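The chain contents come next:
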Amino acid sequence: MSLSSVEWGAKPRKALGAPGLGKLVVDLPLLLTLIAVTAFGLVVLYSAAGEDLGRVARQGVRAALGFAAFFVMAQIQPRYFRIWSPWLYCVVLGLLLAVAVEGEISQGAQRWLDIGIVRFQPSELMKLAAPMMVAWFLHDRTLPPSLPQLVVVVLIVLVPAVLIARQPDLGTALLVVAAGGLVVLLSGITVRLILASIGVALAFAPVLWIAMHDYQRARVLTFLNPESDPLGAGYNIIQSKIAIGSGHLFGKGWLNGTQAHLEFLPERSTDFIFAVMAEEFGLFGVVLLLILYLVLVGRGLYIAIQAQDTYTRLLAGSLSLTFFVYVFVNAGMVSGILPVVGVPLPLVSAGGTSMVTLMGCFGILAAIHGHRKLLPA
Amino acid sequence: MPKRSPTLKDHWREQRLFLSRVAASAVVVLLLTAVLVGRLVQLQVFDYQRFSELSQDNRLRIEPLPPTRGLIYDRNGVVIAENLPTWQLVAIPEQIADLDAVLRDLAALGLVDEGEHQTLVDLIRSHRGFERVKLRNLTEAEAARFAVRRHRFPGIDIQEGLVRYYPFGPASAHAVGYVGSISQSDLERIDRRNYAGTSHIGKTGIERTYEDVLHGEVGYRQQVVNARGRVLLDPAEEEGAVAGLETKWPVPGRNVVLSLDMRLQLATYEALLGSRGAAVAIDPRNGDVLALVSVPAFDPNRLAAGLSRSDFAALQADNDRPLFNRALAGRYPPGSTIKPFLGFAALHYEKRTEHDRTYCPGFFRLPGNTHRYRDWRPQGHGSLDLRDAIVQSCDVYFYQLAVDLGIERMAGTLLSFGFGPPTGIDINGEIGGVVPSPEWKRAQPQFKRPEDKVWFPGETVIAGIGQGYMLVTPLQLAHATATLAARGARFRPRLMIGTEDTFEGRFTYVEPEPLPSVEMDDADWEIVNDAMIGVTRDPRGTARTPLAGTDYVVAGKTGTSQVFTVAQEAKYNEEEIDERLRDHGLFIAYAPAESPEIAVAVVVENGGGGSRAAAPVARKILDAYFAARGTGVVEDYVALQR
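If you read the sequences in order, they're chains A and B. Numbering-wise (the working numbering), the first sequence opens with residue 1 and increments by one. Numbering-wise (the working numbering), the second sequence opens with residue 1 and increments by one.
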């Protein structure tokens with residue numbers, strides 16, 4: 001079966017030649033919103049990091065790297081993403097194995113790979129590589145996918161997810177599963193199969209529970225009853241809820257968040273930065289941020305609808321929805337409606353790999369939109 | 001194009017399907033966002049008053065309340081580790097005008113260490129102004145010295161605290177261990193929550209192994225503090241209690257009751273004092289460790305109070321290695337103490353009868369080889385049977401026996417007595433010894449070339465007198481002696497025999513753990529037992545002098561292990577060689593020989609022969625045991641439990 005060869009749009013693209021040439025692609029709606037979110041993020045980080053300009057500068061450098069990734073990705077012809085998908089997937093899977101074998105132990109968990117000048121987390125790259133691989137696998141098949149095909153997809157997603165969960169980084173593992181799952185969802189899988197897979201997932205819950213580390217179990221239990229553990233994990237949630245709740249409509253003002261500045265709030269500059277924002281900028285500030293996030297998601301879905309082949313359509317749709325999942329999981333955890341799983345707030349939490357990977361994803365969206373061809377009627 | 005149309009049709013269908021999925025997803029995204037915003041409205045609008053109160057000018061802080069550490073008793077209820085009130089020097093940063101000057105003045109009084117100046121400055125600066133920063137524990141004299149000059153030090157105060165105290169100091173150090181400040185590596189193996197507020201943790205020995213039992217559970221107290229963190233309300237005050245502030249009291253740790261008998265432990269320590277070595281006494285009937293001493297020892301109280309970095313470095317660099325637990329981790333060639341076990345193997349495998357005799361000319365030669373394996377008695381022992389060979393510790397008899405038994409059978413018997421792997425005593429830091437065999441030698445990485453991995457016949461010969469590769473720890477030696485005493489019954493050596501509830505004092509006894517026993521004919525046992533009694537009673541017994549005149553019958557065996565190899569034609573001359581290269585003295589014994597209650601192993605490093613250096617120590621331990629016999633309380637205690 002070689003449906004791809006007859007897919008329209010393939011021929012005119014070939015005439016364009018090497019990747020990266022042609023007109024400069026800059027998706028202005030995406031770019032402007034990204035700038036707004038990162039700028040807001042840096043402002044909040046300055047306060048959350050105890051007015052340490054050095055940390056803000058380091059995060060600024062990471063954001064600059066991220067925008068560079070955005071521009072580079074945006075110039076690439078989308079079909080190259082498709083061609084590279086299996087290679088990227090295999091390389092990242094190899095890196096994950098490398099981390100598992102001799103990864104540097106960072107904070108008691110093996111996540112980081114040291115390649116001389118930079119240290120990065122391969123698990124972050126897998127958040128992109130897994131949906132690309134699934135989209136690649138499904139793009140030339142008749143959709144909706146059949147059951148045997150779904151089994152392959154499940155393997156594509158679960159192998160890296162298990163490796164990441166063993167690091168142990170349950171949050172990222174679940175996000176990789178979400179990213180791959182969203183591709184399948186968008187590919188038109190029937191409602192019956194969706195319900196069936198939810199059933200399977202529920203059946204696996206006890207297995208997952210047994211495989212979890214003690215601290216992960218503690219997080220789930222504490223989520224169910226934060227007051228049961230006021231000295232440990234429950235403390236985070238209690239303090240974060242106080243920070244958010246005391247923010248009121250317009251917040252205590254920038255640099256005036258007592259919860260954050262008196263160090264009541266844990267992980268202020270990383271996972272719990274949303275609470276700092278809510279304390280200092282109030283409901284108004286966080287709703288503004290949520291709107292910016294929705295603009296990004298909306299633009300991504302629009303790009304997906306406009307995309308011209310199955311691969312780019314599936315990829316664009318899943319990247320946009322996964323991005324929303326990040327936002328929802330982080331904000332939900334900080335405000336106490338989801339368990340604490342250690343997922344950063346996208347584009348705002350301090351941290352490099354996540355910033356660059358996400359910007360690269362938006363670059364891919366820009367590329368998918370910017371390199372469309374006018375269709376023959 | 002007929003071929004293309006189905007694809008095209010599929011394509012349209014796919015696109016429609018995709019569109020519907022995107023639309024559905026968009027709806028879900030909006031719904032979830034609405035949930036999020038709803039939650040934020042709930043927290044920030046409806047619950048604002050409550051959270052604002054908690055946050056704005058008052059807020060809740062949780063102060064951990066550390067539990068009191070359990071005590072450690074010996075088998076008779078004598079306290080070996082307790083918590084004493086102590087004075088702590090504290091600083092209140094906001095009341096100190098000139099920190100450098102204050103610290104200099106304190107150093108001039110000898111209350112803080114000049115070398116720690118910067119550390120203390122950093123420590124104090126890292127706390128908030130109103131917090132009381134612990135600087136160090138003070139002795140009573142230091143506290144008094146400070147108290148009369150208190151007015152000169154605004155911002156410096158003394159307060160009461162608890163410090164771990166070991167009344168027997170170095171005598172119990174290597175068995176009980178000590179507590180010290182929680183280090184980075186400790187943090188990785190504990191539940192940090194339960195240690196919020198705890199400053200010390202067990203580092204070695206009982207203190208470390210039974211850390212979970214001794215520590216207890218942390219409690220907490222909710223306090224209302226102001227925007228700068230100062231305590232405004234506390235549940236201990238009436239207003240705080242009215243405001244609904246909670247206190248959860250900590251659960252103190254359980255007391256640990258040890259098998260040690262401090263009378264015996266002290267006698268052992270005193271007998272060994274001044275030398276380097278170790279002694280272990282075990283009750284062969286249940287594996288209870290009655291005494292466990294390694295010398296030189298250290299003062300655990302100094303470590304619990306906190307040593308300065310230079311003092312700790314000096315302790316570690318000490319040539320006599322006081323921190324090293326020789327009883328558990330010191331490995332020595334067993335020398336002739338191995339002979340009773342090999343004698344038993346000879347009878348068991350029927351390689352010798354009680355009456356078989358070997359002639360000892362003062363040396364042994366393997367057939368076809370000129371190398372002379374010397375006996376310790378150059379003129380030889382003449383013709384002897386097994387009993388004579390053990391009583392006089394004849395080497396030649398055992399050289400020949402080793403060759404006849406073969407290394408595999410020797411190794412098998414020794415392993416069954418518990419030599420080789422660690423015994424599994426319930427305190428950490430134990431390492432195993434070595435029971436060599438051809439298989440063992442092949443697996444050793446230090447023998448690199450294949451021809452070095454080969455087992456040589458000569459290696460079997462010297463294994464017959466406990467030399468060569470074989471290594472044992474004093475604990476293993478005591479355990480094996482206890483096994484011999486108990487006619488083959490084995491128990492895992494243990495120091496903890498029970499725990500005690502802190503509130504009600506209810507004692508929970510832990511049953512001893514039996515290990516696979518050694519198959520032993522009573523007849524064989526009688527022969528070996530009789531020979532070992534001969535060692536202390538026979539006119540030619542190697543330990544007749546140090547054990548003369550006991551009113552209990554002792555079965556024993558001396559041992560001397562070489563540190564220094566004497567050249568083939570030269571003589572061992574003690575005066576000529578360095579003290580550190582002199583032979584180690586060893587002695588094993590159990591008593592009363594007819595129904596053994598105590599088994600001991602003594603090793604004295606570089607002490608010369610076992611008879612001269614180690615046997616007198618064993619004599620003192622046994623004398624102490626029989627002087628105190630029947631006056632302990634634990635037996636009644638245990639009987640009451642049942």
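Keep in mind the hints are simulated off the structure, nothing from the lab. Please note: incorrect hints may appear among the correct ones.
Only some residues are given here: those of chain B computed to face chain A with a beta carbon under 10 Å [said to hold, decoys possible]: (1) S20; (2) R21; (3) A24; (4) V28; (5) V35; (6) L40; (7) Q44; (8) V45; (9) T139; (10) A143; (11) S181; (12) I182; (13) S183; (14) D186; (15) W440.
Covered stretches of chain A (chain B as the covering partner; in silico rule of three or more C-beta atoms under 8 Å from a C-beta of chain B) [claimed, not checked]: (16) 28 to 41; (17) 185 to 192; (18) 281 to 294; (19) 300 to 312; (20) 316 to 328; (21) 331 to 338.
Keep in mind it's a predicted model, so treat the numbers as computed, not measured. Using N, Cα and C, we set each Cβ at its ideal position, and we do this for glycine too.
Hint check results:
no.: 1; hint: S20; in the structure: holds (8 Å)
no.: 2; hint: R21; in the structure: holds (5 Å)
no.: 3; hint: A24; in the structure: holds (9 Å)
no.: 4; hint: V28; in the structure: holds (9 Å)
no.: 5; hint: V35; in the structure: holds (7 Å)
no.: 6; hint: L40; in the structure: holds (6 Å)
no.: 7; hint: Q44; in the structure: holds (5 Å)
no.: 8; hint: V45; in the structure: holds (7 Å)
no.: 9; hint: T139; in the structure: violated (34 Å)
no.: 10; hint: A143; in the structure: violated (32 Å)
no.: 11; hint: S181; in the structure: violated (20 Å)
no.: 12; hint: I182; in the structure: violated (16 Å)
no.: 13; hint: S183; in the structure: violated (15 Å)
no.: 14; hint: D186; in the structure: violated (14 Å)
no.: 15; hint: W440; in the structure: violated (31 Å)
no.: 16; hint: 28 to 41; in the structure: violated (count 0)
no.: 17; hint: 185 to 192; in the structure: holds (count 4)
no.: 18; hint: 281 to 294; in the structure: holds (count 6)
no.: 19; hint: 300 to 312; in the structure: holds (count 4)
no.: 20; hint: 316 to 328; in the structure: holds (count 4)
no.: 21; hint: 331 to 338; in the structure: holds (count 5)
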